[in-house]
Every structure is written in C-alpha cells, then in structure tokens.
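Participant: Take a look at the letters that make up each chain.
There are 2 protein chains.
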Amino acid sequence: MTILDGKATSKAIREEIAVEVGKLKASGKKVPHLAAVIVGSDGASQTYVNAKVKDCRDVGFESTHIELPEETSEEDVLKQIEALNNDPEIDGYIVQLPLPKHIDEQRVLLAIDPAKDVDGFHPASVGKMVLGLDTFISATPWGIMELLKRYNVPTSGKNCVVIGRSNIVGRPMSILLSMPTEPGNCTVTLAHSRTKNLVELCYNADIVVAALGRPEFVTANMIKEGATVIDVGITRVKDETKKSGFALKGDVKFDEVAPKCAFITPVPGGVGPMTRAALMRNTLKAIDFKD
Amino acid sequence: MTILDGKATSKAIREEIAVEVGKLKASGKKVPHLAAVIVGSDGASQTYVNAKVKDCRDVGFESTHIELPEETSEEDVLKQIEALNNDPEIDGYIVQLPLPKHIDEQRVLLAIDPAKDVDGFHPASVGKMVLGLDTFISATPWGIMELLKRYNVPTSGKNCVVIGRSNIVGRPMSILLSMPTEPGNCTVTLAHSRTKNLVELCYNADIVVAALGRPEFVTANMIKEGATVIDVGITRVKDETKKSGFALKGDVKFDEVAPKCAFITPVPGGVGPMTRAALMRNTLKAIDFKD
Chain A
1 MTILDGKATS
11 KAIREEIAVE
21 VGKLKASGKK
31 VPHLAAVIVG
41 SDGASQTYVN
51 AKVKDCRDVG
61 FESTHIELPE
71 ETSEEDVLKQ
81 IEALNNDPEI
91 DGYIVQLPLP
101 KHIDEQRVLL
111 AIDPAKDVDG
121 FHPASVGKMV
131 LGLDTFISAT
141 PWGIMELLKR
151 YNVPTSGKNC
161 VVIGRSNIVG
171 RPMSILLSMP
181 TEPGNCTVTL
191 AHSRTKNLVE
201 LCYNADIVVA
211 ALGRPEFVTA
221 NMIKEGATVI
231 DVGITRVKDE
241 TKKSGFALKG
251 DVKFDEVAPK
261 CAFITPVPGG
271 VGPMTRAALM
281 RNTLKAIDFK
291 D
Chain B
1 MTILDGKATS
11 KAIREEIAVE
21 VGKLKASGKK
31 VPHLAAVIVG
41 SDGASQTYVN
51 AKVKDCRDVG
61 FESTHIELPE
71 ETSEEDVLKQ
81 IEALNNDPEI
91 DGYIVQLPLP
101 KHIDEQRVLL
111 AIDPAKDVDG
121 FHPASVGKMV
131 LGLDTFISAT
141 PWGIMELLKR
151 YNVPTSGKNC
161 VVIGRSNIVG
171 RPMSILLSMP
181 TEPGNCTVTL
191 AHSRTKNLVE
201 LCYNADIVVA
211 ALGRPEFVTA
221 NMIKEGATVI
231 DVGITRVKDE
241 TKKSGFALKG
251 DVKFDEVAPK
261 CAFITPVPGG
271 VGPMTRAALM
281 RNTLKAIDFK
291 D
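Sequences listed follow chains A and B, in order. Residues 1 to 291 (the working numbering) make up the first sequence, in order. Residues 1 to 291 (the working numbering) make up the second sequence, in order.
Here chain A stands alone, though its shape is the one from the complex (with noise of 0.2 Å):
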C-alpha cells in the first residue's frame, strides 16, 4: 500500500515553480503577480488568504491582498473585479468564497475574466476543461490528477466510481478522469444522493474517488483488494482526546479500508495541500493566457 503524500508533493510543486520563478527574474521577465480578493471578516477565509499570500512570498511571486469591508455593495465588488481585469500588473486573482449574503456570487463569477480566473470557476475555464482545451483546472481536481501522475497510478481502462457531483470537485473529477489523457482514460461513473446501488457500485471500481462530504462514509466492505482511493472530504469532528477538541476527518474510513488499497490519500496530508500547490501552478500558468 502506497500513501498518496500530498503534503510532500504540494511542497515538491511550490519548489519547482520557484526555480521557475527564478529564471523569469534571472531573465527580466515579469514575476506573475497574484491578487486576492475577500469581503467581509469571516475568520477561516481569512486565514486561507493568508495562507495563499505566504504561498506567494515563498515561491517567489508578487500577491496584493484586497480587503473590502463586508458591508461593501455588489456594484462596488464588481468595479474592483473591472480593475483587476484591467490591471496589466495583475497576472490572476481570486475571489475568496463565500461572499456576504447581499451579494450574488455567481455574478462575480461571472465578471472575472478567463484569462485571470486562476481559481478556474468561471464558466468559460469549466468548458474549455470539457472540451480538452488548456486552461486553468480548479484546485482540487487539478491536485488529483497531478498526484495520480506523479505516483504513476495506472488509469487507463480503469473502472472509477466519483462519489458526489458537486461543481468544484466531483463533477470536474468525473470529467477529468474519463478524458483521452494520461492520466485519464477511465470508465468513470459518477454516483450522488440518488444512486442506488453504490456499495457494489464502489467494490466493483478499480479507482474511488470519495467527494461527499460525510466522515468516514466509505467503510472497507465497499472497496476491493488492491484499489486505488482518493479522499476528497475534510469534516471536523468532535474529539475530547485532542486538545482542540475536534479531529479533521476525511471520507473514508482510512484505518480499516487503506490496508486494502494499492494507492490512497491520508487526511489530512492528501488532497487538501495539492491545492495550495494547484493555485500557485495557476498564477504561473497565467503569464501564458495574457494577450
């Protein structure tokens, strides 16, 4: 059994895209330059982009970090949006969800330009995606595949099961995984809430892909000897043994189904620190998209 060690890879990635980074400058070209937007307060988006600004510093990038005051209109939220768009320094930027209530998200969504929409949310970034077009993956699907292929998972003709259907994570896996790629190439099935037969569904899948959302729902009776499985979740759950009082728990039950796995991501440690890595790779990605 192999740990899919994202926290190792993640960091593997950000050194690499700074020795990227470092030829730009050795060159006089332009360091990519990373904007990141956020309303309001709120205490964990805060310390996401925080965390993203470090990111930056680290691998060598330019961030600006853009506070507006949670009271702060649509309107006002999209003429900072227009000046992004129109900022030649600003190579990407992200809008840090979720936006407060009295604002439309999908209609910030919306206003960014492709060409900056490093998050890869925008509509236009999804459908190039469908189409096999290059363009921005968003984080997570864009983490798991780079894991799958830096750990030379086999996929091709592989029967894989994606449980969940969401739009930034199950749904683009389930596309992702079935296109004519390395990897890519499987046979995939994508299950949600109105499945039926997902127990035999997941034992019969070579790959499972857990993206639902509920601790520990995948038990080792649903998944067979030697496959390969992808923890998407990340739930606090209460625990009085940890001094915080909560332990971070992913989807699948890792104790008793990893023993059976040839591949699995542990949680925390897995899926999660490819994202940092997917944001990062995005912004340099980004100099290639300018006009």
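In short, the hints are calculated from the structure, not lab data. Everything numeric in this text was worked out from a predicted model, so none of it was measured. Keep in mind that the hints are not guaranteed to be accurate.
Intra- or inter-copy, both count: the list cannot distinguish identical chains.
[Claimed, not checked] Straight-line distance between alpha carbons at most 30 Å, and here's what the computed DSS-like set of lysine-lysine pairs gives:
# : residue 1 : residue 2
1 : Lys101    : Lys290
2 : Lys224    : Lys196
3 : Lys149    : Lys224
4 : Lys79     : Lys290
5 : Lys196    : Lys260
6 : Lys29     : Lys11
7 : Lys224    : Lys101
Given the structure of chain A, go ahead and fit chain B onto it with the hints provided.
Facilitator: Using the frame of chain A, we list chain B on its own:
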C-alpha cells in the same frame, strides 16, 4: 415497447415555437433572426444549411444565409464573425462545420459571442451547462433530453451508460443525465474505446445512449428487459436492395433490441429530427440572452 418518435416530436416543438413567434409578432416585438455562415461548397453542408433556413421560415424566424467562397482566409471569416457579433439585428448564428482545412475551427468557434452561440459549442456555453446555469445546450443532447421529458421516461436513480465521449454528444449527454434535474438524476457511466467491460456495463443499465458511430454495434445480448435505448448513430451503409444503394443504420441493431425495450429511438426518425427543433428553440431563447 414505446417508440420515441423524434420526427413527430420535433414537428410538435417547431409548431409550438411558431405559436410563440406569432405572439411576439402580435405584440410588436422583434422576431428571432438566425444567421448561418457556410464557407465553401461542401454538398452535405449546403443541404444542412438549406434545411435550417427552411425551418426558420416555417416557424416565422428571419434568417440570413451567408455563403463565403472556399478560399476565404481565416482572417476574413473572423471578420464576418465579428460583424455578426456586433449586428443587433442577428439574435443567433451558426458556423456550419466542417470548415476548409486552412481555417482553424477552434479559433472561429471561440470568436463567436456566447450570447449568440445557438449551436452551444462555445466553451462558455459548455461550462454553463456543466455548472447548471441557463445556456444554449447543443442540438443532439438537447433533443435527447427533450424526448425523455416529453415521453416521461423515468430517469431519476436509474443506471445509465453513455457509449462514446465525443464533445458534441457523448460527453454532454453524460453530464446532462447526471444533473440534479428532471429528466436527469441518473447514475451515469461514460464508456469509450478504453472501456473493458462494455457488454456487462450495458446489460446492467436501465438506459443506454449509443453514440459511438458504429452501425448496429449494440445487440440484444447487451440490453436488459425493460431498458430504454437512445440511438444517436447514423451511418450510411451499402445496401443494394435500396434504390439509393445505401441504407441509414444506427448504432443499435434495432430489430433485435427493440422488443426488449421499454422505450427506444428509431433510426431514422429518432434523435436526428430533434436536432432541427433544438436549433429553433435555441434561436428563440437567444432573445432572452441579449443585453
């Protein structure tokens, strides 16, 4: 066994659209205007475009048929696209494919204003479909979903196999059938050339969509009693008993498969005619997408 009669359904839809156009006229509103661009003199393309122009006339749309000579440069085609994007009179338009080899199809399709993309091939249209946003759905997938809807074919929780992962049929069908909509909510498996256990997969499916383009590929042993079978294939096969010298064959061996089915589409007269209704419906819809 119920035949899903695409010919009759398509006609019914076009009649409904004609009623809508009548209402627009009666209230003094602009009538939808479709333009079709054709480059070169490919015989089949001419036939398709003429049929589309005739359909426009029948439902009461305005239509413009733009013929450019075979030797038109890519730049001039792109200028034509820009003119159509900027023409407030034109609500939607299509560029008939294939284009001559010296023209980059992808570049031309990307230049189409997504708000006028009635073929639904632009990445922004595809991405919106994936994200469940209102958009133009391309003709064949829309036609199939509409047939399922109008015949009340049960889909929720059903196991569905889509054979073929093309950008214009298999891939979007796999997405639409698994969306949290009605019809939809299927557990979809997307099968393709690398799939290993196709016969077994199909035999366990409640719904099979055959879109691989291999005449009579799906045989009775692949289909369980009571299944629904959608045949997207249409291939000319030599047939000396016919006056024309050929017969049109679907991807399904209809005579032996049909008796086992709850619902099945014939070829011809099934999915094919629905695409005509799809283009008219998208052109009507284009009015809503105008600024």
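Participant: It remains to establish, for every hint, whether it holds in the given structure.
Facilitator: Results for each hint:
1. When the C-alpha separation of lysine 101 and lysine 290 is checked against a cutoff of 30 Å, the pair qualifies only between copies, where the shortest distance is 27 Å, while the shortest distance within a copy is 33 Å.
2. When the C-alpha separation of lysine 224 and lysine 196 is checked against a cutoff of 30 Å, the pair qualifies both within a copy, at 19 Å, and between copies, at 18 Å.
3. Taking CA atoms no more than 30 Å apart as the test, lysine 149 paired with lysine 224 passes inside one copy only; the shortest distance there is 22 Å, against 37 Å between copies.
4. Taking the shortest alpha-carbon separations for lysine 79 and lysine 290, both the intra-copy value of 21 Å and the inter-copy value of 22 Å come in at or below 30 Å.
5. In the homo-oligomer, the alpha carbons of lysine 196 and lysine 260 lie at most 30 Å apart both inside one protomer (24 Å) and across protomers (23 Å), since each shortest distance falls under that limit.
6. Proximity of lysine 29 to lysine 11 under the C-alpha cut-off of 30 Å is restricted to the intra-copy arrangement: shortest distance 24 Å within a copy versus 60 Å between copies.
7. Within a single copy, lysine 224 and lysine 101 get their C-alpha atoms no closer than 44 Å, and across copies no closer than 49 Å, so neither meets the 30 Å cut-off.
Checked against the numbered hints above, the structure breaks only hint 7 and satisfies the rest.
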